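Protein chains in written order, with the numbering used here: chain V, 13 to 307; chain R, -7 to 298.
Rather than coming from a laboratory, the hints here were simulated on the basis of the structure. Hints are not guaranteed to be accurate.
Said to hold, decoys possible - Where chain R lies over chain V, by a calculated footprint (3+ residues, C-beta under 8 Å):
| no. | segment |
| --- | --- |
| 1 | 102 to 110 |
| 2 | 117 to 124 |
| 3 | 224 to 232 |
| 4 | 270 to 282 |
Computed from a predicted model, the values in this text were never measured in an experiment. Note that beta-carbon positions come from the ideal geometry of N, C-alpha and C, so glycine has one too.
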Amino acid sequence: MTWINACDSADETRKGISFSTLRKKLKPAYYHVWAIAAFTVFVYPLVWLTAASLKQNWEIYREPLSLTSSAPTLDAYIELFRTTPFLLYTLNSLLYAAAGAMVSIGFGIVTAYGFSRHKFSQRKTLMIAILAAQLMPGLIAAIPTYLLMREIGLLDSRFGLILLYGALSIPFAVWVLKGHFDTIPTELDDSARMDGASKLRTLLQIHCPLLLPGISSLFLILFVQKWSEFALVSVLLRDPDKYPLSVGTYLLLGADESDFRLMAAASLVNIIPILTLFVFLQRYLVAGLTKGAVK
Amino acid sequence: MKNASPVRGFISSFVNGPWPWLIPALGVLLLFRGYPLGNQFWLAMTDMKIASGDASFVGFENFSFLFSDPNYLTALGFTILFTSFSVFGSFVLGFGLALMLNRQMTGRVIYRMGILTTWAISSLIVGYIWRLMLNESSAGVLNGLLEPFGIGPVPWLSDPNMAQVSVIVADIWRSTGFTMIFMLGGLQTLPNEVLEAAKMDGAKGWQTLLYIVMPLLKPLIAVALIFSTIATFNVYELVLALSSGGPGNATSTVGFEMYRTAFGDSMNAGLGLIGRGAAMGVSMFLVTLMFALIYIRAGVFARDLD
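Take the sequences, apply the hints, and build the full model.
Spelled out as C-alpha cells, the structure:
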C-alpha cells in the first residue's frame, strides 16, 4: 500500500495536481461534512434540551435558539426534586431496572446451561419457541397481562412488577447466554466432574466467572430496557409512591404544556443516568447488543 | 445398584437430563408470556369491562366492530404508513451512515457515538423532546431555525398531515443509530479480500455496494428490517408523548388505540372495554407473529441452535 501511495505522489509532483487527485484529496473533507451534519442532527437536540433546562422560561421564549443563558440556573432541577417526588421515582426506577435485569439473568444462566450442555430431541423446537417469545413486544399482551396480575394479586406490587420484568426478558437472556456458554469448552466440565464437583458447583464456580463479561453487558442492556419501560408499568401500578421515573414524568408533563424548563429538566433526569452508563460503557453495550441481535 | 427399578431409572435420567435446568424458566414463561398471549384470544371474544371483570361470550362481534370502526381503521392505516416510512427511512439513513463511518476517518468513533446516543433514550422521552422542539409558540426551536430561510412557521403538530410527518421523523431520529451500529457490525465481518478484489476488477463504489456488499449482508439486512418493523408497528409511547394521537386522531396508532380503548385516555379512567381492546391486541399479535415467522423461517440464527 505505501509503495502504491509513494508512486502516486511521485506522479503528482511530476504532472502537478490533476483534477481527479484534487477530488480524491477533497473526498475526506466531503465525508466529514456529512458526518458532522449527521452528528449535529442527533446530538444538537440534547444540547439544546440541556441549555433549555438551565434557563428561565422567559428566556426560552425570547431566544429559543441560543445555547447559552445570561444567567444559567439549576432552579428547574431544584424545583423538580423539591416539589415533586422525582427522587423517589428515580430510586424506584433504579430498583425495578436492576432487580428485573437480575431476575432475567438468574433464570437465563440456569436455562442456557440446560440448552448448551444437553442434547435432546425437543431442544430446537424449544429454542425456537423461546425466540418467538423474545420477538413479541410486551405491549401486545398489555391487556391480558394486566388481568393476569390482577388475578394473581400482583397488581400494584413492586415484587410483581420486578418478577414480570424479569420474566419478559428471560428469552433474550437465554439466547445471549447460550451463545456465551457454547464458547466454553466442555473439557472444563469434564475435568470438574473428575474432581468431584457437582453440575451446580461447576456452573457457579467455573462457568459463571467465565461468563462474567457477557453477563455484565447483558445486565446493561436489560437495565436500559427496564429503565425505559412505560407501557406496562403505567397500568400495573396504582400507588404513586411506587411509580418509576417514566410514569412520574408522564404525570408531570401531561399536566402542563407551558413550563418548558421543567419539561426539559424532567426529560433530562430520565436520560442522564442512561447516557452516563452509555458513554462510559458503550463498548460493552454495543458488543452485547449486536451479539444478542445478530444471533 | 444403579437403575435397579425402572422408576428409579426414570427419575435418575430425568434429574441428570436437561429438564431440571429448563423447567423453572419455562414455567415462568408459560405463566407470564404464554398464558396472556393465549388468553387474549378468549378475551377478544367477550364483552369484558375493566371494572367488573364479568365477561360473556360474544363471538367475533368485537372483530366485526373493529372493521367498521373509523377510529380503528384510521389508526391501522396510519400505523402501516408510519411503519413503512420509519423503517425505510431509518434503514437508508442508518446503513448510509454505517457505510460512511466504516471507512478510515479521523473522529469516526466520536461520530458513531454521537449518532448512537438517541438509541439510549426511551420512546416516551424522545416524544417529549420533540414536542418541545416542535412547539409552535416562539419557544419552538425548529421553527426558530427555519425562520431565517423564510420557511414557516410550520404547524408541526396542529396540522394533521404535518403531525404525521413529525411523528415519523421523531421515530427515525430515535432508531437510526441502532440500525447504524447493527449494520456496522455486519460490515466489519465482510472479508477484506473480496472488497479488494472488486476494487482490482475496477468496480465502482456503488457497484461494490449493490453487487457485493448488499448480497453478502442480505441476512443481516433482513434481520434489521424485521426487528425494526416489529418495534415500529407496535409503537405507543412515542405517539402518547408527542401528539397524544392528535390532532383529531391523525396520529393514533393501533397500540395507542388499544390503550385508549382498554385503559382510557389518561391512566385509571376511561372506556375500560377489555374485550374490544383485546381484539386490537390480537390484531397486533397476528401482524407481529407474521414477521416473527418470516424471521424464524429465514433461520439467520440457525448456527446457534447446535
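Here's how the hints hold up against the structure:
1. For the segment 102 to 110 of chain V, the proposed coverage by chain R is not satisfied: 0 residues have a C-beta within less than 8 Å of a C-beta in that chain, short of the threshold of three.
2. Three residues within the 8 Å Cβ limit are the bar, and the segment 117 to 124 of chain V against chain R gives 4, so the coverage statement holds.
3. Counting residues of the segment 224 to 232 of chain V whose C-beta sits closer than 8 Å to any C-beta of chain R gives 0, which falls short of three, so the coverage hint is violated.
4. With a cut-off of 8 Å between beta carbons, the segment 270 to 282 of chain V has 6 residues touching chain R; three or more are needed, and the interface restraint holds.
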